[in-house]
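Chain E: place on chain A using the hints.
Next come the chains, spelled out residue by residue.
Protein chains: 2
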Amino acid sequence: MEKLFSVPLKGGISTDVYSLSLSELPAKFSDYGRSVLFVADSNSACYLPPSCESLVLPPGESEKRWESVDRILSRAAGAGMARDSVFIAVGGGVILDMTAFAASVYMRGARVVLVPTTLLSSVDATLGGKTGIDYAGAKNFVGTFYPAEDVLIASETLSTLSEREFRCGLGEVVKHAFLSQDRTLHDFLLSEREAVLRRDKAALDEMIRLSLEVKIWYITRDPEEKKGIRSALNFGHTFGHALESCSSYSVSHGEGVAWGMVRAFRAGVNLGITPSEYADECIGLIRSFGFDTESSIKDEEFPVFCEAIAKDKKKKSGSVRFVLLEGQGRPVLMPLAEDEIKKALR
Amino acid sequence: MEKLFSVPLKGGISTDVYSLSLSELPAKFSDYGRSVLFVADSNSACYLPPSCESLVLPPGESEKRWESVDRILSRAAGAGMARDSVFIAVGGGVILDMTAFAASVYMRGARVVLVPTTLLSSVDATLGGKTGIDYAGAKNFVGTFYPAEDVLIASETLSTLSEREFRCGLGEVVKHAFLSQDRTLHDFLLSEREAVLRRDKAALDEMIRLSLEVKIWYITRDPEEKKGIRSALNFGHTFGHALESCSSYSVSHGEGVAWGMVRAFRAGVNLGITPSEYADECIGLIRSFGFDTESSIKDEEFPVFCEAIAKDKKKKSGSVRFVLLEGQGRPVLMPLAEDEIKKALR
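These protein sequences, in sequence, are chains A and E.
Our numbering puts the first residue of the first sequence at -13, with every later residue one more than the last.
Our numbering puts the first residue of the second sequence at -13, with every later residue one more than the last.
Only chain A is shown next, with the shape it has when bound in the complex (with noise of 0.2 Å):
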């Protein structure tokens, strides 16, 4: 086991990040005491200690909702949980979402662990304390900000992973390679491409490490999300999520990001921000990953479209703001007219 990183959090506190195998979980789960909740979908289920205190959901983004959390507060209740007891959810992004949503509105805030077992969520989900849930058809509409005191990855999960799963997670992992202060994670695609694509521990490892580093280097400096330096972090996130909400969630939330990254791109292409050159290599890298890039809007789904982008949490005074790239690391949000949404989408 090794500890990759202790985030410091507002008051005092912080997130510890740990990587470990498999074997050493169970040692690591008993340091948590007796009062304990384990929450994973069935996917996930086969990762929980023997006879402990949990409960498992239904996989799927559409278990994503109050119900769930009301079933984990109720089981938390029924269990006798107090404040100091501790929530450890063990899953992909939406159970670790929920869990993290259910264990902050216990008793006004209880302890949480995080244990990811996909791509996405190691390198998405367990850091910056977003929680929620989906709601009114718009993602992760209700939540807090609540991070978890641990964070405990396990990589040999993700070979578990289908294909488009495992895909799913790259779309973040590529979107933190744009959004990193210098190139190394970049280059790190480049070179480790095959290794990352077979899931050679070694190169997963690295790359989670290497992503995580440039997550921690947004929310460290903007932990609520109000200064607008943490909002990058929704690159191809604005575009991603109505493309996900308009396919009824059948493209996935990497998918929708990565094809959301092309379409920021080319929007900051069109009005003079991000050099061509730098846009072009980027999309390159998107694609070598696999990714369909191109699949369009039609323009009768167009108003549908646009009212999903006007669902977007990152509005200020009525307007929706699109996160552009001027280059490596140099994020610009910006509010975007209806014909350069329309541009970008051709």
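To be clear, the hints were calculated from the coordinates, so they are not data collected in a lab.
Note that the coordinates shown come from a computational prediction; the quantities given were computed from them, not determined experimentally.
Only true hints are included.
For chains that are exact copies, the list does not tell them apart, and a pair is met inside one copy or across any two.
Lysine to aspartate or glutamate pairs mimicking DMTMM-like chemistry, simulated, CA-CA at most 25 Å apart:
#1 K328 with E293
#2 K329 with E287
#3 K213 with D70
#4 K212 with E135
#5 K212 with D2
#6 K(-11) with D208
#7 K297 with E53
#8 K284 with D325
#9 K297 with D325
#10 K14 with D70
#11 K213 with D17
#12 K329 with E286
#13 K(-11) with D2
Chain E in isolation, oriented as in the chain A frame:
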């Protein structure tokens, strides 16, 4: 309009508390811009401005549940509110706590302004950021810490309260008198008892100001109830909540707290913690405001009473801690053995 306090909160923000007249409310409301949702119960709907975006909920503790929060969130989403929109809650503690809870989870945190229309909510629910709903049979079991940006107190609203509702708030005021670092509020209540009971506006304003001063002393020293300081504000609450719960809430919160404080004084005296002269004087003040301090828990009701106590949120490592007083403004937290609880109930 007078600004009574600017209560500093973490992150450099603060809650501003204003005392103002009913006639000044509309102008103040218009300061919050156009993207505003008013939430009131039917008793307080009379204070809403004409033609505003508003949601009026049924009154009562039984409404303090997720379904009501869901209605608030759903209305806000339908109105296209964003993170910088303002939820304005007008009413008693139930409306204030639920609306602030909804605002705290709406897009992970929108703006919230509280307009208390009861004495209890003026001195209790407005400051300190405790939001929430009842859950699994326990009061405020689910919620967040999320301080309001402004609190607007128009004490004229208190003139229409029933005697019982008014006395309910006095329970918390009297509690603050005991927790204060000095005797100012205690002496004020002794000398101005008549003026307070006939709801003289100047007397009410001064009483509310002194009462909030005490609450601020505790919450600024321990904003998220992590240091055992703020927990002192729960003086009388562990016994009181259990009585409320056993009575299926036919006993009001203030009545429960008044009764609970008498039990906590008795337990303190029994254990040699509270000087008996001080306890007698304080119990005298409680009685002078007309509280029924003698209703008893029958032997056969005792197990249910203990079960309600076990649900208390102030648990640490499995045991419920009671607030006892060593003297004026000197609270201590400690677990009580079952026979000590029984003795205090006699």
